[in-house]
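Protein chains in written order, with the numbering used here: chain U, 1 to 202; chain L, 1001 to 1202; chain P, 2001 to 2202.
Hint data in this document are derived by calculation from the structure and do not stem from the laboratory. As the structure is a prediction and not an experimental result, all values here were calculated from the model. Watch out, some of these pointers could steer you wrong.
Computed footprint of chain U on chain L, listed as stretches where at least three residues anywhere in the stretch have a Cβ under 8 angstroms from a Cβ of chain U [said to hold, decoys possible]:
#1 1007-1013
#2 1092-1099
#3 1150-1163
#4 1177-1191
Only some residues are given here: those of chain L computed to face chain P with a beta carbon under 8 angstroms [to be verified]:
#5 Ser1082
#6 Val1113
#7 Ala1166
#8 Phe1196
Here a beta-carbon is modelled for each residue, glycine too, at the ideal position from N, C-alpha and C.
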Amino acid sequence: MNFLLLFGVAVCAVAGALVAAPKKIDMFGVIVVAVVTALGGGTVRDVILGTKAFWVTEPVYVVIATAAGLFTFVAARFVRFSWSVMLVLDAFGLAMFAIVGCEKALSLGTSSVVIVLMGVVTGVAGGIVRDLLCDEIPLVFRRGSLYATAAFIGCLVFIALNALNAPEPTARLSGVITILVVRLAAMRWGIALPEFVVKEEN
Amino acid sequence: MNFLLLFGVAVCAVAGALVAAPKKIDMFGVIVVAVVTALGGGTVRDVILGTKAFWVTEPVYVVIATAAGLFTFVAARFVRFSWSVMLVLDAFGLAMFAIVGCEKALSLGTSSVVIVLMGVVTGVAGGIVRDLLCDEIPLVFRRGSLYATAAFIGCLVFIALNALNAPEPTARLSGVITILVVRLAAMRWGIALPEFVVKEEN
Amino acid sequence: MNFLLLFGVAVCAVAGALVAAPKKIDMFGVIVVAVVTALGGGTVRDVILGTKAFWVTEPVYVVIATAAGLFTFVAARFVRFSWSVMLVLDAFGLAMFAIVGCEKALSLGTSSVVIVLMGVVTGVAGGIVRDLLCDEIPLVFRRGSLYATAAFIGCLVFIALNALNAPEPTARLSGVITILVVRLAAMRWGIALPEFVVKEEN
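Take the sequences, apply the hints, and build the full model.
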C-alpha cells in the first residue's frame, strides 16, 4: 500500500495547488498549500493521538508533496488541468487517507468510535486546513458534496469487517472502494444530505 | 463532576450547531461544527500539553457531542431555540471547561502561568475553531463579550484558592461560579473591556 | 541566545498586536493575538514533533508575550508605531525563530528535510495563525514578501554548515544573518517569487 499512499499524497498535493490557483499567491504559497493539503489530515490525526507526525520519521512524504506542488506550479502554465479528472483522483486520495487513518488508530488500540472519527479526520482535515488558508468556508461543509459522509460510511464498513475478523486486506479494500463509490456516485448524480433548516420566529 | 461535564459538552455542541445555522451547510457539517465546538478546547489543551486528546480514551464525549449535534439538526426544524437561554447554557459550559482545563494542567505539575493559560484555552478554543470554520472573526475577540476575560478571572480564583490549600471542590466551585457570574453580568449590563485604539498619523 | 530569543518573542508580540489594530477587538483580543503570533510557530513545531509546547516548561515566554501585548495596547494610544521599524524587528524575529526551530529538530535527531521544514514552520506559523484569527489571507502567501522563502534559504545554510561540521554558533549566526539579509533585501528592492499562473481554457 506504500506506493499507493505516495501516489495519494501526490494527487492530493496537486489538487491542493489547483484550489489555490485563483488566489494571488506566489510559488512558495502554492507549495505550502499543496503540502498542507496532502499531509494535513495525517498530521492532525497523529497530533490528536499524541504521537509525532508520520512524516517526521518518513520524510519521503514531504519530498513527494513538495515535488507535486512544484510540478503543478510549473505545469499549470502549459497544460490545462481537467478539474473532473482531479476530483476523481482526489476521491481516490480521500479513500486511501481515511482507511489508513482507521488502521493507525486501530493499531494504537483505540475504541471503534475513535477509529471511525480518526478515519474521517485523516480523510478530510487536509482539505479543511487548505480552505482555511485560502480564506474560504471549507468545501467539506458545503451542501452536495457527500465528502466526509463518504469517508464516514467507508470507515464504518472497514471497522465492521474488522470486527467480523475479515482479513486486513479485505477490510481495507472494501473500505476504500466504498468511499470511492459513494463519493463518485454523489458527484455524478448530485446526491446530498439534507440541509440545515432553522425554524424562524413567527 | 463527570455528569456535569457531559452536560457541558452537550450544551456546547448545541450552541455550536446553532451558530452554524445561517451558513449553508448540510447535516454532516452541523455535526462537525457541534463536535468541534464541544471538544475543540480540550483537544487543543491536550495537544499543547503533549498528551493524546482526552476523548481518545473516553469516547463517550464524542458520542454525546455527535448526538447533541444531530438532535439540534432535527429539533431546529420544529422548535425555535431561544438564543438567550443558549447563551446562559454556553456560559455554563465555558465555566466548566475552563476549570477542568486548569485541573488537568495542575495534575501535570505545570506552573501557575501555564495552568491559567490552559484554563482559558480549554474554555475558549472550541469556540474559536468553530468561528474559523464558519469563516467569521472569532466571537471571543469582538468587543463587549468578556468571554475569555471571565474565564481568565475564574482561573485566577481557582489557582489562588489552590495555592491557599483550599479543598479541591471549594476551589473548583468558586472558579466555576466566578466565571458564570462575570460572564452573565457582562452580558446583562454590557460590561466590556476597553477597545484597541491606535494613534493616527498627524 | 536566550536573551535574544526573549527579545524576539517580545518583538513578534508587538508586531502581532499592531496587525490586529484595524480590527474592532478589545484588550483581551489584542493580548491573544500578540501571544499567538509570538508563541504560535514554536507551539506548532513542538506539537508536530510530538512533545509538549516549549512554554509549558518555560512559562517566562508567556509572561513576556503577554506583557508585550499589553504594552502595545497601552502605548499605541500615545505613540505612533513606525511600521517600517516593526517590519525590520519582525524580520529579526523570523530569523531567530527559524534557526531555533532547526536546532530543536536537529536535537531530536530528525532528517535534514524535517529540520528545514521545522525551521520554516517555526518562523512563519505564528504569523499564519495570527492572520487566520484576523480573518485575512495569510501574509506569507501574498506575493512579494519573500518571507517563508527567506526562512527556507537560511535554514538550508544552517543545515549545510552543520553537515560540514561547522561549529554550532557559526552555523546559527550564518543562518540568522542569511534570513535577515534575504528578507530585508526583498523588502527594500521588491524582490518576489514568480506568481502562480494557470493556463486558461481556449
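Results of checking the hints against the structure:
1. 1007-1013: violated (count 0)
2. 1092-1099: violated (count 0)
3. 1150-1163: violated (count 0)
4. 1177-1191: Not satisfied, violated; 0 residues make the cut.
5. Ser1082: violated, 26 angstroms
6. Val1113: holds, 4 angstroms
7. Ala1166: Violated - the Cβ of Ala1166 of chain L stays beyond 8 angstroms from chain P, reaching only about 23 angstroms at its closest.
8. Phe1196: holds, 5 angstroms
Of the numbered hints given earlier, the model fails hints 1, 2, 3, 4, 5, 7; all others are met.
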